[in-house]
Amino acid sequence: MTENMSCYVLCDPNKCTGCKACELACFAEHNKENNDVAYTVGTVTIPVTPKLYLTKTEKYCMPVQCKHCEDAPCLNACKKHAIYRDENKQVIVDQSKCIGCKDCVMACPFGAISILPVSDNGAVLLQKDKECVKAASKCDLCTGIEGGPACVRVCPNEALRLVDLNEEQLAKSIATANSLYDSRLS
Amino acid sequence: MMRVVEIDKNICTGCRECAKVCPAYAIEGEQGQPQTINVDKCVMCGQCVQKCKSYVSIVSHGYEAYEKVKKERGIPDSVTEPLFAAHNVTHIEEVKKALADPTKVVMASAAPAVRTGLAEEFGYKLGTLSDGKMAAAFRALGFDYIYDVNFAADLTIMEEGSELIERVTTGKGKLPMFTSCCPAWVTFCERNYPELTDHLSSCKSPQQMQGAVQKTFGAEINGLKKKDIFNVSVMPCTCKEYECSREEMKASGERDIDVVITTRELAWLIKDAGIDFKKLKDEKYDNPLGDFTGAAEIFGVTGGVMEAALRTGYELITKKSIPAVEIPAVRGGEGFRSADIKVGDLTLRVGVVSGLKHVVQVMEDLKAGKMKDYHFIEVMTCPVGCVSGGGQPKLLMDTDKELAYKNRTGITYKMDESLPQRKSHDNPSIKKIYKDYLKAPLGEKSHHLLHTHYVKGRAKTIND
Amino acid sequence: MTMGVHEIEDAKLIFNFGYNGADSHPIVQRRIVRAKQKGATIICADPRVTECARIADVHMQLKGGTNIALVNAMCNVVYNEGLVDQKFIDEKTVDYDAFVEVIKKYTPEYAETICHVPAETIRKAARMYAKAPSAMILYGMGVCQFGQAVDVVKALGSLALMTGNYGKPASGIGPVRGQNNVQGACDMGALPNNYPGYQNVTKPEIQEKFEKAWGVKLSNKVGVPLTHVPQRVLEEKDPKKQLHAYYIFGEDPVQSDPDAEEVREALEKLDFVVVQDIFMNKTAEFADVILPGTSWNEHDGVYSCCDRGFQRIRKVLEPPKGVKLDWEIICEISTAMGYKMKYKNTEEIWNELIDLCPNFAGATYAKLEKYGNIQWPCRSKDDSDKGTVVLHQGKFANPDGKGKFYTADWRPPQELENEEYPLSLSTVREVGHYSVRTMTGNCRTLRNLEDEPGWIQMNPADCEKLGIKHGDLVKVVNKRGWCITRCNATERVAKGATYMTYQWWIGCCNELTIGSNLDPVSNTPEYKYCNCRVEKLDDQAKAWEYVNTEYKSIRERMGIKMVGKEAV
Amino acid sequence: MRQFVKGNPDLCIGCRTCMIGCVVEHEGRRIFEIDPDGYDFNPKLHVVKTAKVSVPVQCKHCENPACMAACPVGCIKVINDAVVIDQKECIGCKSCMQACPFGVIDVISQVGTSQSDGSKRVVANKCDLCVGTGNGPACVRVCPTEALKLVSEEAMQESVQKKRVATAEAAKAIADAMAD
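Protein chains in written order, with this note's numbering: chain A, 1 to 186; chain B, 1 to 464; chain C, 1 to 568; chain D, 1 to 180.
Some clues are possibly wrong.
Claimed, not checked - Partner residues are not named here, just some residues of chain C that face chain D (Cβ under 8 Å, in silico):
#1 P26
#2 I27
#3 Q29
#4 R30
#5 I55
#6 G432
#7 S435
#8 N448
#9 E491
#10 R492
To be verified - Once the Cα atoms are required to be at most 30 Å apart in a straight line, the calculated DSSO-like pairs of lysine-lysine come out as:
#11 D:K49 - C:K465
#12 B:K225 - A:K128
#13 A:K97 - D:K149
#14 A:K128 - D:K94
#15 D:K52 - C:K63
Bear in mind the hints are in silico, worked out from the structure with no lab data behind them. Predicted model only: the values in this text are computed from it and were never measured. We put the CB at the ideal spot given by N, CA and C, even for glycine.
Can you make the complete structure from the sequences, with help from the hints?
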């Protein structure tokens, strides 16, 4: 049996319309506590910094987000140990440790990471030289947020899905076994 | 041409989620390509503005794009919230200019639904009432008179109720009569059912009544010249900006409403002035044009105009007190519902349309002669009435929509319950204005100031 | 080289054997990198993890001194697995059967015991090489600087023969020669057995041709190879055969030849030594006469690239006052010795040369100017003859037109590791410093990158055993001599093996190398293998003092001006 | 995002031309003309060779530079979007060197300077992207194998965008496979 695997959100580009509701919801959910983002747009005082990124090709589109790789190149590339694996095997960026070196961005084969400004208390954090603090921003599967991944919840087209391969593999293997059983007579 | 609702081509991702909510099928474009609004179809309801999530992003548009877009749209620097592809054109700078102009007497008046949403923009729970805080905010912003469109809502009931009674009892005028306070609906009707515009009540919307009264009666009682008065209307609606610019809306001789801003823009104005909304103490509206009843407040929700009209209509017809002020039969959500209401010997068959898409079947039935039993039909373009209007605070997550509508509606009815007068004709200031100025509903002055006519087939352009 | 250097970029497969382009010729390595980027397969045979090994698809990290066993084993795989180009062998080659007899013994398993390369890796490399649509072999000093060197070259040539890798683009075999214009020196006849253009001194018709052209009597005897000089000075008893005078031109044998002690002895004993060079060097310290020469950018001329390409070089700087051009010096000496040699310019010399060398005849200055680079053979002065990129097209350049198979049994290096000297020592190159340090040691930026006393590359495990750390000064010693250098602990070298570059005056590894094991054909010494011992130096401060004092004293002796920090 | 120079170990041959290019760019042509020991030879990048890689390492020009945050005298500044050490103000405290997780800051002694006790000034040294020269990073220009690239914000975004498109294409394939 394979290792217990981390979960991730996967989009079905056949359903995605590219509305960015996922990006906005992601931002809203992650900034309720520290940046006083409430229900409405008017409560936002900082730049929208999502953790997944709508990507358009000529024919279709979808948000790209972290796969929570089992041997995560971003985690391996991070010299500051600002990327860690939590108890649920999710790959998480500790933005307070990130120095914005961009190694993880280069390492990630999916383009799931962007370097974006960091805000606290409703304002963008500034460094000594008044430049804004920036950190790697990527999907954390809404760890610690009630209701699970916000992107999945808000998608108007149900294009996003939380993938738990552990369960799916099991279901698939049972289905395969059943079909073998069914076909044993023929 | 006047621009009311627009889609910014540079920001639109072409998701066409807006097209799904557009009741007028006005949004055109290929999937995945920037969309355009067909102005010949658009009713300016702003539901696309509410729906759009395609924001100006530092990731896809860069760091400078946000400030650039803000500047292009004439949004104050102080605004920090995300900006989206679909947006309504703001007139906030005109309001700021008027407030800063010492020669102008600036009068504020806000629609009933505004006070159910405004607080959300300051971090309050969905559907927190901010009636008193809003009055205080207007005062802090430097408005000279803090009036209220709710006053005109009561006035509307007087006029529209009387008109209904007249149509029902004398046979003068077409039945069923349709409400005319929703400008998006009126525009839709003029465009698509020109032959049926006679069914519309000739009453102006509360906003326009309020404007006309402020610049005439209001000028008189306050010793002002109407040309010095600058009327600012705050609306949960994007179409109201268009409504106030219609040629017919100059009963006072001037433009009756000078500028309309939305609930969201009022929040910008408050933030721009550095007012700490949370710290504001409740204040009162100015008399007499700021007095209102519970009947006026429920204009903000679907079925509210109907319910308010019935409360007054019942008593005007029967000369008796209505047995139950609340009429749950006309309350509800999106769609079309009808009810038979006993008014003395009369049974009024009424209908309520919530969501403009649902009006099409009604109108087709009307054309087919299937609506003969109906006396009065209320039409609201937005899903659950003005509380869900295109100018209301925009939700970051549409999963909160249901809760927002429920709470805003709930607080509207709660406010109605809490008010001393709940029937428009009980409003003392209404009584006073008829006594001192208008004389009687449907009278000559009313006809001039408070009623309008419709342009059949107002079709081709918004600002013809 | 049977190919052009520029063809490397287009190779489908490069078999890089004992050649470290990144350190020796970065510009060639660039072509290898580009080939890789363009999808070429790279096989590298090298005892160290060189830059080429690092990007190779297969790296055979063989033990030093086992080259031919590895090549034979690869041939064995190609033969046994039927990967040969039989048509090519039948039509274009000779001596195949004798060759097969030798390689039969060299199964990969057998070779593994000699080379320490896993049999499977040998098989994999052999299959890759044989199955490639075209394959190119590049080799360097890792092949040539052994007592058994020419055998390996022939064996590599045979590997290319049995797979038909000749006469087509981006194939063949290429010695990427060590020094710039070393090919030119050979082309020009600076070899003991040849006139210019590889025309043998023992052939009467050649002798006659040159006698006629120059108007003098010429000898038909083969001269003394460079590496035989010490022996001919020190050990030759017959005074007529003994060497008495030595004219050294652009060489620093004290630094570059093996067994430096022996070279110094020979120079001491010689009656008369002339050194012609651009800067002082260790050999010049023994000179009776020093003739200051001009550097590469102070004169005109022609260089030959390792791929037989002639290129014009042009003067960009005026030489210092009083310094004569090299060819002017030669003319004057010749004239003084009784042969009136006189030229107006280098073109005149060149024209004389190409008229005497059929293979160069077409490479006129005008054409070099026009085409930039002409690879010989270029036999016609006609504009259409632009030289020859690929050799051996259609038939081989041998008299019978056939490619000749040859290989030999493996012979171990002469001096192996033993209890007293448990490590092997090989000389290598480092990028930035060229051969001896006469030129690059005087280039300030290069000296800033690396300077005395150099480094000895060692496996970290060996360092740990000896208790030495990276950067420590150590003493390297064997029975011939010793030197002091710094320890470079690196995973890139195998346990038991050490490597040093031979330009350093203090960290001078040629104090230790062997002068006596020469390849019987090329007379090249076994620079790549001798034994040694590395000793830890407990008093590092004292060792540094020795290094600094020694360096200062050498520079003082050579008259190099002391300035800045060193002057203090 | 700030630009930075990135070395590619697949292309690097370890020749260190970049290091010389760096010094020549910062010291100017005078280094070929003056006393060989009268100039600083302090490359702002270093070629690292291990068993697996050869590649120059240099400052990443982090968005939130740990070195800048650690500098007690504020001599690490952002100039033209490059993180630059003002060596005139540096006190040689080595805090930045410790804070930098990449080991790309050196502490070097400056020729021709002296402290009150006569010893040479020792200051921090690292890649400044050759700001102010107008030529762009010298290391990139001189590399014979084009192993060094200046990664601009645009290039970075382009590369991320490419990867995102590829990810979307893969997701489409998964969705199509699951729909079958």
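Hints, verified against the model:
no.: 1; hint: P26; result: 5 Å, holds
no.: 2; hint: I27; result: 7 Å, holds
no.: 3; hint: Q29; result: 5 Å, holds
no.: 4; hint: R30; result: 5 Å, holds
no.: 5; hint: I55; result: 6 Å, holds
no.: 6; hint: G432; result: 7 Å, holds
no.: 7; hint: S435; result: 16 Å, violated
no.: 8; hint: N448; result: 4 Å, holds
no.: 9; hint: E491; result: 4 Å, holds
no.: 10; hint: R492; result: 6 Å, holds
no.: 11; hint: D:K49 - C:K465; result: 22 Å, holds
no.: 12; hint: B:K225 - A:K128; result: 57 Å, violated
no.: 13; hint: A:K97 - D:K149; result: 27 Å, holds
no.: 14; hint: A:K128 - D:K94; result: 19 Å, holds
no.: 15; hint: D:K52 - C:K63; result: 20 Å, holds
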